[in-house]
Amino acid sequence: MASPIAAWRRFLARPNGDRVKTLGIAFLVAFCAALLVSTASVLLKPRQQAHIEAARQAQLDRMLDTLPGLRDLMLEAGVDALQTRLVNLETGSFATGIDPATFDPRAAAQDPATSIDLPPEADIAGLKRRATLAPVYLLESDGELKVIVLPVEGAGYQSTIRAYLALEADLNTIAALTIYEQGDTPGLGARITEPAWAALWPGKQIADETGEVVISVVRGQATTPYEVDGIAGATRTSNGVHNMLRFWLGPYGYGPFLETLKAEGL
Amino acid sequence: MSLLRHVTAPLIANNPVTLQILGICSALAVTTSLATALTMSIALTAVLCASAAIISAIRNHIPASIRLIVQITIVAALVVVIDEFLKAYAFEISGRLSIFVGLIVTNCLVLGRAEGFAMHNPVLPSVLDGLGNGLGYSLILLVVGAIRELLGAGTLFGQSVLRTTAEGGWFEPLGLMALAPSAFIILGLLVWAIRSWWTVQNEAPDFALRTAPEAPRQ
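Respectively, the protein sequence lines represent chains A and B.
All the letters of the first sequence, read from the start, carry residue numbers 1 to 266 under our numbering.
All the letters of the second sequence, read from the start, carry residue numbers 267 to 484 under our numbering.
Hints were generated in silico from the structure; no laboratory data involved.
Hints may contain errors.
[To be verified] Partial pick of chain B residues on the chain A-facing surface, computed with a CB cut under 8 Å:
{"#": "1", "residue": "A323"}
{"#": "2", "residue": "P329"}
{"#": "3", "residue": "I340"}
{"#": "4", "residue": "E350"}
{"#": "5", "residue": "F357"}
{"#": "6", "residue": "S364"}
{"#": "7", "residue": "I365"}
{"#": "8", "residue": "P391"}
{"#": "9", "residue": "Q467"}
[Unchecked claim] Derived Cβ-Cβ restraints for the label pairs, each shown as a range:
{"#": "10", "chain 1": "B", "residue 1": "N280", "chain 2": "A", "residue 2": "I52", "range": "56 to 64 Å"}
{"#": "11", "chain 1": "B", "residue 1": "P471", "chain 2": "A", "residue 2": "T223", "range": "55 to 63 Å"}
{"#": "12", "chain 1": "A", "residue 1": "G265", "chain 2": "B", "residue 2": "C291", "range": "51 to 59 Å"}
[Said to hold, decoys possible] Negatives, chain B to chain A, calculated, CB over 12 Å:
{"#": "13", "residue": "L304"}
{"#": "14", "residue": "H327"}
{"#": "15", "residue": "R333"}
{"#": "16", "residue": "A354"}
{"#": "17", "residue": "L390"}
{"#": "18", "residue": "A419"}
{"#": "19", "residue": "L422"}
{"#": "20", "residue": "G435"}
{"#": "21", "residue": "F437"}
{"#": "22", "residue": "A444"}
{"#": "23", "residue": "E469"}
{"#": "24", "residue": "R476"}
Every residue, glycine too, gets a C-beta built ideally from N, C-alpha and C.
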C-alpha cells in the first residue's frame, strides 16, 4: 500500500497528455473552485442580507413618499411608520399571538410547519411553497383604513421578483407598485425597477364590477384601467409580474384577507 | 530591475486598452463615474493578479487539451468571489456595476494574460505582469471616467467641481458624456494622442491606399 504522498507524486509525474491526469486535473480545479466560491458565498451571506434588508426598508420609505398625501396623513395620525400586522392567509384574518417584529417571512416559507405546499395548478407565480402567515403594513386613522401595503413575490425571467403593492382604502385601487428585489437582465427585465414603469401603476383597478381579479400586464398599449403596459423585449419578466399579482390577489394569496377586510373593516 | 519592466511596460507603452484594444466593453460601460471606474479597476486588477499567480503555479500540470477551460474555471471562481465581496462590502456600487463585474470572466484581457504570459512564466513575473496590465487598464478607465464624470455631471467622485446650472452655477452638463458612445470618442482621442506621441505604436496599414484611375470621359 503506497502512501498518499507517493501516489500524489506519481499522479503529478504522469505526462500532461495522459487521460487520467487530464480528468484528475479537471476534477481538482473544479473542486477547488467550487470550494472557494461556496465558502465565500456562505461567509458573506449575512452581510449581504443586511444590505438587502436595509435597501428594502429604504425602498418602502421611498414608496411611501410617492403616495400623495400619505406623509400628511401619517403626521395627522401621529405616527412615523406604518403599522405591521400579521395576516393568516388561510383564514383571511389578522393573526394574533405572534410579534410581527420577530417574524421572518423567508424562514417561515421554508419551514414545513409554518408553510404549505402549493398545488401546481395554483402556483402561477412559481413559488412552490408559501408561508401561512404574511406581514402587511397599514395606516389607519380613527379606526379607518387609509392605505395598506402587501409584500408580494414571484418568479421572473431568471430571478425572484419581490415587490410591495400598496392599495388605497377601497382595496381595489392600486396606490403604488414598487419592486425592491430582482435579478433580471439589466436594461431589459430590470427596467421594472425604473420610476417610469412604477408610475404606470397608481390608479389601476384590481377587480372589475363582478369582483373578479382582472389586473393584467399586457403587450403593447394598455387600454383599460385594469391593464398596464408590459416592457418591450422583456416578455417573461412582464409575465412574471402579471402572474405574481394574479397569485397574491387570488385565493391562495391575500384574496380571502381582502374579502374579510372589505366586509368587516379593521 | 528587469522584473519591474513587467509592471511599467503595460502602463502606456504596451497598454492593454489603447494599444491592444482589449477590455473595451467594460471600459465603455462602467466609466460614467469615477467611483464605478475605480471599483471596476480594483476588481479587475485583483482578478488578474490572483489568476496569474494560480495559473502560473500549476502551469506545468495543466494538460494542453483542457488548458483554456481550466483557466476560465479559475478566473470565473475568482470573479464570483470578488463579486460576493463587493455585494457584502460595497453594496451600492455593486448595484451600479450590475453584471459588469461578472463579465470580467469574458474580458479578453484576463484570459489573454493567462494564456499569453502566465502559462509560460514563473509565479513572480506572472503576478507582476498581471499587476502591470491591471494598472494599465485602470489608468485608462480612470482617465475616461474622470473626463466623463467631469463633463457629464460637473463632479469628481461625486464632489461638485464645476457648478452646474441646476445648482445655480454656469456649467451646462453634456448629456452625451453619460452615454456609452462618448467613451468610444474619448478612447479614440486617447489612442490618437498616444500614437501621435509614441509614433512607434503606429501600425503599418493593412492595405495601401490606391488612387483609382479616372473614368474615361465621353
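Verification of the hints:
1. A323: violated (12 Å)
2. P329: holds (4 Å)
3. I340: holds (6 Å)
4. E350: holds (5 Å)
5. F357: At about 4 Å, which falls below the 8 Å cut-off, the nearest Cβ of chain A leaves the hint on F357 of chain B intact, so it holds.
6. S364: Holds - the Cβ of S364 of chain B comes within 8 Å of chain A, reaching about 5 Å at its closest.
7. I365: holds (6 Å)
8. P391: violated (22 Å)
9. Q467: Hint violated; Q467 of chain B Cβ to chain A Cβ min 35 Å, cut 8 Å.
10. B:N280 / A:I52: 56 to 64 Å: This hint is violated: roughly 42 Å between Cβ atoms.
11. B:P471 / A:T223: 55 to 63 Å: This hint holds: roughly 58 Å between Cβ atoms.
12. A:G265 / B:C291: 51 to 59 Å: holds (57 Å)
13. L304: Non-interface label stands for L304 of chain B: nearest chain A Cβ at 20 Å, farther than 12 Å.
14. H327: H327 of chain B not clear of chain A: closest Cβ-Cβ about 6 Å, inside 12 Å.
15. R333: Answer for R333 of chain B: violated, closest chain A Cβ roughly 9 Å.
16. A354: violated (4 Å)
17. L390: holds (22 Å)
18. A419: holds (19 Å)
19. L422: holds (25 Å)
20. G435: holds (26 Å)
21. F437: holds (26 Å)
22. A444: holds (15 Å)
23. E469: holds (34 Å)
24. R476: holds (43 Å)
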